[in-house]
Structure formats: C-alpha cells, structure tokens
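Input sequences plus hints: build the corresponding full structure.
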Amino acid sequence: MTTRDIHGLLGGLGMAGAGAFFAIHGSQYTMGTAARMGAGFFPVILGWILVGLGVLIALPACWRRGEAVVVQWSNLFWSVLGVVAFAALLKGVGVVVASFATCLITLVPARMALRLRLFVSVVITGLTTLVFVVGLRMTLPIWPWQV
Amino acid sequence: MELFNSLWMGFGVAAQPMNLAYCFLGVFLGTLVGVLPGIGALAAISLLLPVTYHIPPTSAIIMLAGVYYGAQYGGSTAAILLNLPGTPSSAVTCLEGYPMAKQGRAGLALFVTTIASLVGAMVGLVLLVLFSPAIADLGLKFGPTEFFSMMLLGLVAASSMSGGPAAKGLAMVILGLLLGTIGTDVNSGTARYAFDIPELQDGINLVALAMGLFGVAEVVRSINSADTHKRPDKVPMRAMVPSRQEFTDTIKPMLRGSALGSALGALPGVGPSIAAFMAYAIEKRVAKDPSRFGQGAIEGISAPESANNASAQTAFVPSLSLGIPGDAVMAVMLGALIIHGIAPGPMLISQQPELFWGLVASFLIGNVMLVILNLPTIGLWVALLRIPFAWMYPAILVFVALGVYSVNSNPFDIYMVAALGVLGYALMVLKFEPAPLLLGYILGPMLEENLRRGLLLSRGDPVIFVDRPISAALLAMTALLLAWTAWGTLRRHRDGGRRQNAPEASA
Chain A
7 MTTRDIHGLL GGLGMAGAGA FFAIHGSQYT MGTAARMGAG FFPVILGWIL VGLGVLIALP
67 ACWRRGEAVV VQWSNLFWSV LGVVAFAALL KGVGVVVASF ATCLITLVPA RMALRLRLFV
127 SVVITGLTTL VFVVGLRMTL PIWPWQV
Chain B
22 MELFNSLWMG FGVAAQPMNL AYCFLGVFLG TLVGVLPGIG ALAAISLLLP VTYHIPPTSA
82 IIMLAGVYYG AQYGGSTAAI LLNLPGTPSS AVTCLEGYPM AKQGRAGLAL FVTTIASLVG
142 AMVGLVLLVL FSPAIADLGL KFGPTEFFSM MLLGLVAASS MSGGPAAKGL AMVILGLLLG
202 TIGTDVNSGT ARYAFDIPEL QDGINLVALA MGLFGVAEVV RSINSADTHK RPDKVPMRAM
262 VPSRQEFTDT IKPMLRGSAL GSALGALPGV GPSIAAFMAY AIEKRVAKDP SRFGQGAIEG
322 ISAPESANNA SAQTAFVPSL SLGIPGDAVM AVMLGALIIH GIAPGPMLIS QQPELFWGLV
382 ASFLIGNVML VILNLPTIGL WVALLRIPFA WMYPAILVFV ALGVYSVNSN PFDIYMVAAL
442 GVLGYALMVL KFEPAPLLLG YILGPMLEEN LRRGLLLSRG DPVIFVDRPI SAALLAMTAL
502 LLAWTAWGTL RRHRDGGRRQ NAPEASA
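Protein chains in written order, with my numbering: chain A, 7 to 153; chain B, 22 to 528.
Treat the hints as calculated values from the structure; they're not laboratory data.
Just so you know, not all the hints are guaranteed correct.
Restraint ranges, calculated between C-beta atoms of paired labels, are given here [what the hints assert, rightly or not]:
hint, chain 1, residue 1, chain 2, residue 2, range
1, B, L396, A, A40, 32 to 42 Å
2, B, A507, A, A40, 20 to 30 Å
3, B, A494, A, C68, 44 to 54 Å
4, B, W505, A, G132, 52 to 62 Å
5, A, I12, B, E220, 29 to 39 Å
6, B, A504, A, H31, 25 to 35 Å
7, B, E267, A, V140, 39 to 49 Å
8, B, G315, A, G98, 35 to 45 Å
9, B, T510, A, A40, 50 to 60 Å
Treat the numbers as computed from the prediction; the structure is a model and nothing was measured.
In this text, a Cβ means the ideal position worked out from N, Cα and C, and glycines have one as well.
Here it is as structure tokens:
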C-alpha cells in the first residue's frame with residue numbers, strides 16, 4: 007500500500023516543532039554576543055537550524071509517494087506501561103513484586119499460555135533479584151514487608 | 022623499544038585476574054548480544070553502564086570494549102544460521118553465509134568468519150598501537166578551533182553515513198546537540214530547559230537516553246516480529262574444518278578486508294557496517310567469476326567479517342588519541358570514562374598509560390578468548406538462538422528499569438527511560454536513525470565549549486576557524502561531505518520514486 011510519504015511529513019514537522027520549541031523557549035536565556043556567548047546562544051541557533059531541516063524534510067515529502075506508517079501500538083503501550091509500573095511499584099512493594107508485575111504486563115502482547123507466562127515471570131524475577139541484589143549488592147527493598 | 026615496554030606494561034595490567042575476568046565477561050556478553058537479533062552492542066553497553074560505576078575505570082573500559090568487538094564476532098552466527106543479522110554490521114554476511122548454510126556448509130562458514138574476524142582484529146590492533154600515540158602528539162597542538170572543527174566533521178560524517186536521507190541524519194544530530202544543552206550551563210549557571218524539575222538540572226541521564234533509544238525501542242519493535250521465531254539447525258564440529266583449497270582461497274580476501282576496514286574504521290562516522298559493505302563490493306568486483314556471489318561465495322563472508330572487526334579496533338584511534346568518538350558506541354564508552362573523572366583527549370595516553378596500554382593488551386587477549394568462545398562452544402550459541410524472544414524481552418525491560426534506577430537511586434530516571442523509549446520508538450517508526458542523536462548528545466557540551474572558547478580568543482570573529490590550517494582543512498572536508506550528500510539527495514529526487522526501496526546501510 008502506498009500513500010503520500012507520511013514518514014517524512016510527520017518526522018519533518020516533528021523536528022521543526024522540536025526546533026521551534028528549543029529556539030523560542032531558549033530565547034528567555036541571555037543571548038550574549040559571539041565573543042561572550044550567553045546560555046541561550048548555542049541552543050537558540052541550533053533550534054532554528056532544526057526548524058530549517060524539519061521543513062527541508064517535510065516539504066519534498068508532500069508530493070512523494072511512500073509507505074503507510076506501521077505502529078505496533080499494543081507492544082508500545084504494554085512495554086512502556088511495564089516500565090512505568092516498575093518505577094511506581096519499586097519503592098512501595100519491593101523489587102520482587104515490581105519485577106513480577108512488570109513481566110506480566112510486558113508479556114501481554116506475546117502469544118503464550120498462561121502457565122508459561124507465570125513461569126517466565128517467576129524465572130525472570132528470580133534472576134533479577136539474584137543479579138542486582140545478591141550479585142551487585144544493590145540496596146533495595148526486596149519483599150513488600152521490608153519496605 | 023619504548024613501544025614494547027609500554028605493551029609489556031599493558032599486558033601486566035590486562036593480565037591481572039580481575040581485568041581478565043571483566044574482559045571475559047565483556048566478550049562473553051558481546052557474543053551473546055551479537056548472536057541474539059534485536060539487541061545490539063549499543064543496548065548492551067548502555068545496560069552495563071550503571072555496573073561500571075562500581076568498578077575501576079580500566080576494568081570498566083576493558084569490559085565495555087569487549088562487548089563492542091565481541092558483538093562483531095557473534096553477529097555473524099545469526100546471519101549465517103538464520104539469515105538475520107545479529108548486529109547491523111553482519112548484514113552483509115547474510116548474503117553469502119545463509120546460502121552456504123542451506124548447502125550444509127554452515128560449519129565451514131562459521132569457522133571462516135571467526136578466523137577472518139581474528140585476522141581483521143589483529144591488523145586493526147597493530148595500526149591502533151602504531152598510530153594512536155602519534156595522533157595524540159598531533160592532538161596536543163590542537164586548540165579549541167581544531168577540536169570544534171574535528172567534532173563538526175565527525176557529526177556531519179556520522180549523520181550522512183548513517184543511511185537514509187542526509188537531512189534526517191543531520192536533524193538527528195542537531196536534536197541530540199539540543200538534548201545535550203538541557204541542564205545547568207557550566208558557564209553561567211543557568212538551568213536550561215529544566216522547567217524547575219530538580220532532576221533535569223543535571224541534564225538528561227546518558228544511561229536513560231541510551232537505554233530508552235536502543236533498549237526499550239528495540240524491544241517494542243521486535244516483540245512479535247516473525248523473524249524471531251526461526252529455529253536454526255544443529256552444527257556439528259566436524260563440518261567446520263576447511264579444505265586446503267578453501268583455506269587458501271580466503272587468505273587474500275581477509276587481508277584486503279582487514280586493510281580496508283582498518284583504514285575506514287579510523288575515520289569519524291564510518292562504522293563497521295560501511296566497512297563490511299565496501300569490502301563485499303570490492304570482492305565482487307575483483308572476483309574472476311562474480312556470478313558465484315549470492316550462492317555461497319566464501320570470499321563474500323571472509324572479507325566483510327575481517328573488515329568489520331578491523332574497523333571495530335581502529336575506531337578506538339580517534340576516541341583514545343583525540344577524545345573524539347567516531348560513532349555512538351565510542352561516545353558511550355567515553356561517557357563511561359568521563360563518569361570516572363577521566364577526561365578523554367590527547368593527554369589520555371600520556372596521563373593514563375595503564376588504561377590505554379592495558380586496554381590495547383586486553384584487545385589481544387579478548388580476541389583470543391573470542392576465537393575459543395566461538396569455535397568449540399558454537400553449539401551453545403546455536404541452542405541460544407532456539408530460545409523464543411518472548412522469554413527474554415521482559416527481562417531486558419526489567420534490567421533496563423533497574424539498571425537506570427541504580428545510577429541515582431531515583432525512580433525519576435525510570436520514568437525518563439519510559440518517555441525516551443516512546444521517543445526512540447517514534448523515531449524508529451518514522452525512519453530516523455537514533456545513533457547520530459546519541460553522538461550529538463554526548464559531543465554537544467564539548468562542541469559548545471570549544472566554540473565558545475574559540476570565539477572568545479578571536480573576540481567574536483568566526484574567521485579564526487578558517488585561519489588556522491588544520492581547522493580550515495577539517496572544515497573544508499566537512500563542507501565537501503555536506504555538498505556531496507546534498508548532491509546525492511538532489512539526484513535521488515530527480516530520479517523520483519524509483520530509488521525509494523534501495524537497501525539502507527545502517528551504522
């Protein structure tokens with residue numbers, strides 16, 4: 007399936023947007039002169055260059071054919087949720103429960119029987135605890151009742 | 022004979038039991054991630070960065086370097102057995118290696134790639150030893166203008182060589198430079214783009230950026246890709262021994278590949294992938310019967326494999342002698358040195374002789390370990406390729422989260438990884454190459470500082486950058502490179518959509 011070159015269009019606009027953000031937000035810092043550069047000098051100039059590059063990427067993409075953008079939304083959602091859940095749980099319930107929960111969450115998009123899912127999660131939780139707590143001697147809460 | 026004294030001292034350092042252990046751990050993990058498609062050397066090195074905080078800098082760099090060149094060895098295993106490059110630089114090996122495997126010559130292909138890798142690495146190592154001290158001496162004469170121009174050349178080279186349209190690569194470099202400005206400005210003390218978040222005043226954590234861009238994003242992409250479900254056949258040891266004829270056929274391609282790879286590896290921005298692609302192209306051109314290529318021509322694996330390993334060694338030349346990393350992996354390794362308070366630059370070799378010569382000696386030891394790891398134990402790696410990716414990726418994500426947490430013991434960094442993972446995946450989906458971004462991020466503060474110093478010396482007159490001969494030459498090369506890539510892009514536009522599906526070489 008071919009459509010307009012969405013990759014270039016979206017990417018170029020995204021880059022231009024990011025550049026504009028850095029340039030405009032950066033203009034509140036002192037610019038200084040070329041001889042005595044202030045904090046804003048370098049990022050503001052780079053920001054505008056990025057805007058220019060973004061336009062250069064987006065413009066030709068408007069009339070070029072390309073492939074449709076494929077996003078694995080479910081993979082992205084569950085993987086990121088797993089990492090966020092780990093951050094939220096670690097200090098509250100300890101590394102064992104946090105790792106186990108993260109494994110189960112990130113395994114959602116995989117095609118796997120429930121028993122295997124639980125088995126893989128238990129093994130990974132065990133390995134994680136061994137490597138980081140026993141091996142690297144990181145000071146972490148391990149079990150929920152140790153918090 | 023000073024060279025031999027230095028090398029002897031280096032072996033003394035590298036042969037300490039602790040350094041031997043870290044060297045082995047490095048090359049072992051390197052082979053592991055090289056064999057496994059989906060996770061590369063950069064992701065593995067970023068995962069190991071937090072660990073290096075707790076060990077001496079020499080051991081740390083020996084281990085990280087081991088991962089880097091170990092992955093070059095391992096990458097060919099998946100390429101030959103599954104037609105999947107374990108690392109980007111072994112993509113070429115698929116072309117001849119997989120047909121050989123289908124003909125039942127997988128064992129021979131694995132043997133030849135391992136020997137070719139060793140030969141390439143040794144040639145690269147000799148050049149590294151001979152040239153680094155000389156280049157460092159030259160680097161001592163560098164002022165801020167030369168450093169600025171050199172880094173600019175490196176960044177432009179990295180962006181234009183990374184594959185895909187040049188504007189996208191340049192945009193990645195600039196975005197990386199901008200991300201590098203986040204945090205407290207060393208000169209004025211202003212917290213830039215920190216939004217009153219205390220964690221952001223220290224800047225974006227290097228570990229979080231590398232793991233988000235390469236760890237999380239790679240996992241999201243490969244969770245249910247069909248190619249991770251292929252299973253390789255068993256490889257018997259006896260099938261590995263080449264005949265006399267096959268052996269003599271591979272010697273010349275190995276030497277050509279090693280020479281090409283070492284020359285290209287020392288240039289900024291030219292990674293092992295490009296060296297391997299070029300070595301393959303040359304072999305095809307000089308072959309008496311080019312029609313054999315694509316059907317298991319043995320020189321089509323030995324030349325690229327020796328080229329990518331040679332360039333993996335000489336890539337250390339600019340990093341160690343000038344402090345200017347040629348690619349993202351080198352940048353992360355220099356980042357590890359900076360964390361330990363060691364400033365990379367032309368003084369490194371004279372100020373930290375144990376580190377430099379110990380590292381060089383560890384390359385020799387590590388490469389010998391790799392041959393032992395890759396030949397008799399090949400069955401282990403083949404078995405590893407039979408494990409489904411779904412059993413492993415949750416572990417990668419948990420390790421990423423705990424690893425980045427261990428740097429500052431602050432959950433903020435884990436949230437940061439999640440956010441940067443989304444960014445990395447978005448870039449991947451939109452076909453932007455994230456490696457130049459990481460290079461820009463690490464070089465950014467150095468680039469700004471040298472620009473500032475250069476302009477301070479000249480009282481704001483930019484002519485200083487073309488007044489000094491070395492700086493002018495470097496800038497002229499940068500301009501040429503830009504003009505060349507711009508011309509290439511224009512030509513592609515004129516050709517219309519016909520070239521859209523040209524194979525992309527990723528560094």
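Violations among the numbered hints, reported as their numbers in ascending order: The structure conflicts with hints 1, 3, 8 and 9, although it agrees with all the remaining ones.
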